[in-house]
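Undergrad: Sequence:
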Amino acid sequence: MAETTIEWTDATWNPVAGCSIMSAGCTNCYAMRMAARLDAMGLEKYAGLTRKSGGRAKWTGKVLLDQKSLSLPERWTKPRRVFVNSMSDLFHPAVPAEFIAQVWQTMERTPRHTFQILTKRPDRMLEIVPSLSRLPNVWLGTSVEDSRVLHRIDELRRVPAVVRFISFEPLIGSVADADLSCIQWAIVGGESGPKARPLDPEWVDEIHDLCAEAETAFFFKQWGGKNKKAAGRVYRGRLWNDLPELRI
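Oh and the sequence shown: position 179 is 179 in the numbering used here, straight run, nothing missing.
Be aware that a few hints might be false.
Below 25 Å or equal to it, Euclidean Cα-Cα: the simulated BS3-like pairs (lysine-lysine) are [as the list claims (entries may be wrong)]: (1) LYS226 <-> LYS195; (2) LYS68 <-> LYS45; (3) LYS195 <-> LYS52; (4) LYS45 <-> LYS62; (5) LYS58 <-> LYS228; (6) LYS68 <-> LYS195; (7) LYS58 <-> LYS226.
Just so you know, the hints here were simulated from the structure itself, not pulled from any lab data.
Starting from the given sequences, assemble the full structure and let the hints guide the process.
TA: Put into structure tokens, the structure is as follows:
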């Protein structure tokens, strides 16, 4: 387990490492920077997953399946929310369906934990998940950074899940036309880091209103920017830490 400062989860679990750039939301991916750092520190799991391009780390497309980490959640006695693959995408095309099934088996054996799986490839999620057990402790989500990838929400909506959620982070454009029906949770956040793209407050307002209309829980993660701590996470005078209500 890795403790985390990610506001909407308690821990991260990475049975897969490595990814490839999918869309504009990947440009300043924190996991690329972190993987390069871990590789430089000599961690074998992250060796060769990134390369330097234009003075910064980029995914090579290489993906590592970490069999040893598959059983980790079984050792954690305290219930927690677990972000699955903060350093990859479980539904990356290089991850075999058989390995995804093994991840599912671990989650099924540990019902005390709640697992949050986030992908930029809900189309592949839709291909694989219907053949797996529908687990009450597994939440399935997709990332949507702007209107160009709104189709991901439509694909996610077709995936069988107790909770479906959207991560609007990094939010780099308006998503005013998003349909949040059958989406139980929305996480909103601006990009952070040295090359962070700005977050327009109007885009946040649009999502907040969409959530209210669809009865979707609204979680505001951060304004982001070069100094995300200074920018904070207060929106409309308060913190928004809403979580989805389970309707099993």
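Undergrad: For which of the previously enumerated hints does the structure constitute a violation, in increasing order of number?
TA: 6
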